[in-house]
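Novice: In order, the protein sequence lines correspond to chains D and R.
Residue numbering for the first sequence follows the working numbering, starting at 1 and increasing by one per position.
Residue numbering for the second sequence follows the working numbering, starting at 135 and increasing by one per position.
Worth flagging that the hints you see were computed from the coordinates, not collected in a lab.
Take the hints with a grain of salt, since some may be wrong.
[As the list claims (entries may be wrong)] Cβ pair distances, simulated, as ranges:
(1) D/R26 x R/D264: 50 to 58 angstroms
(2) R/A214 x D/R26: 24 to 32 angstroms
(3) R/P277 x D/E94: 37 to 45 angstroms
(4) R/F265 x D/K123: 26 to 34 angstroms
Backbone N, C-alpha and C fix where the C-beta goes; we use that ideal spot for every residue, glycine too.
Here is what each chain is made of, one letter per residue.
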Amino acid sequence: MGLLARARPNRLAAVFPDMPDSTLLRGPETGAVMVRGRQGGTGAPFNLGEVTITRCSVQLPCGTVGHAHVQGRDKAHARRAAVLDALLQTQDAEALTRAVLSPLAAEETARRETRARKAAATKVEFFTMVRGDD
Amino acid sequence: MYVAVKGGERAIDNAHALLAEERRGDPAVPELSVAQIREQMTLAVNRVMAEGSLYDPDLAALAIKQARGDLIEAIFLIRAYRTTLPRLGHSNPVDTGAMAAVRRVSATYKDLPGGQVLGPTFDYTHRLIDFALAAEGEAPRAPQAEPLGPVPRVTGFLDREGLIEAEPDSDATPRDLTREPMELPADRALRLQALTRGDEGFILSLAYSSQRGYGRTHPFVGELRIGEVAVEMEIPELGFAVEIGEITVTECETVNQFTGSKTKAPQFTRGYGLVFGQSERKAISMSLVDRALRWEELGEDNTGAPVQDAEFVLMHADNIQATGFLEHIKLPHYVDFQSELELVRRLRAGAQEAAE
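In isolation and in its complexed conformation, chain D is listed as follows (with noise of 0.2 angstroms):
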């Protein structure tokens, strides 16, 4: 759920482009959600700000019902992962699970992968200078 929340609303588009019918149970909707912090970065809560966020529910025609909350405000997006949730927990599992979210989860990994590498590459080296009257 976390990926597909995650996902470029165009990627998740590319990878799952036929979306079966499915009946809406809820919205989709968008609204805020509070984001808290805590005080110190390990003590009691504090409200942060808010962040957008769409949710979606979904029925199959054979009655599984999924759901969604993604980031941001794309309705579209929504829809789509709350039809995937419903049938991931269908027979069609594991072919979807190869096709849409091992792609997604691979480009996601290699993003922070990079991102990280060039975190890395602008580590400080110190050299401790020697004190000419030692």
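Starting from the known structure of chain D, fit chain R onto it as the hints suggest.
Specialist: Chain R only, in chain D's frame:
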């Protein structure tokens, strides 16, 4: 006293049309896309998200375009938009310890586990205008290296030795100034919320004043980190927490001078800053102001410095409240002014008579 007036409708429409034309600028110059603003004016987008108190880069970029680059106007647009959104709930507190950090520096330890990672910083640039940017060139490419291991919290090292005050953990529901008006005294959670969405310039100046001696803080930046954190929320339909997104935040932890008593050994004290986006000037400023506002609970003297005055700080930190009250004085006040004019004429006539 306010008096309703009518008219001016055509003038207003035409003024808005002129605004739209001026916003576009010279039509011979290509129009900016929202994606260009989002990707290339990222720090402006970050500031609008932080002070607009809504994390949505596309929306912040659009607001900047609409506001012609006036960031306070853009923040105003974001604040107005967020009031139209239903509140779907709140997230679990983000785990900044698990941040995928692109920058992480400490001013207190040279060699620390995880290392000093400079990231995409302006520090150590020469602040010389780069005329090469005026010409279109190839997209620059950053070098890469083996990814680093985990980056443990710097204050964690001090905490393990008991050298810094403990940060008591709790799951108490924090007060929320977007749901109920801010009331004083404000606890630390409410103060942090007001500071993180407060005006960067105001918070910066307050922090600077405390460094110059108006309220004593003596901070070291124990750690400054920028990176992505996961946002998780409990979903009632599912009965468990799922990740609903990922946001970039800047976190600053300052280590400050001691508190202690006859029964308690001296310990360093903490100041904390956490801000949406890459916003390190704001995060550092916030942590200094947070620390200064804690004078009472830490048993320090109130020297009367502005930064120690919670009412002064919290009631003037919001640039939308400030600009709303300030800018309203340019709107029609003809009737009020007429009465003042009449009064001053009468007073002057009285003074003249007395002189004769």
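Novice: Take the hints in turn and mark each one as holding or not.
Specialist: Against the structure, the hints:
no.: 1; hint: D/R26 x R/D264: 50 to 58 angstroms; result: holds (51 angstroms)
no.: 2; hint: R/A214 x D/R26: 24 to 32 angstroms; result: holds (26 angstroms)
no.: 3; hint: R/P277 x D/E94: 37 to 45 angstroms; result: holds (40 angstroms)
no.: 4; hint: R/F265 x D/K123: 26 to 34 angstroms; result: holds (30 angstroms)
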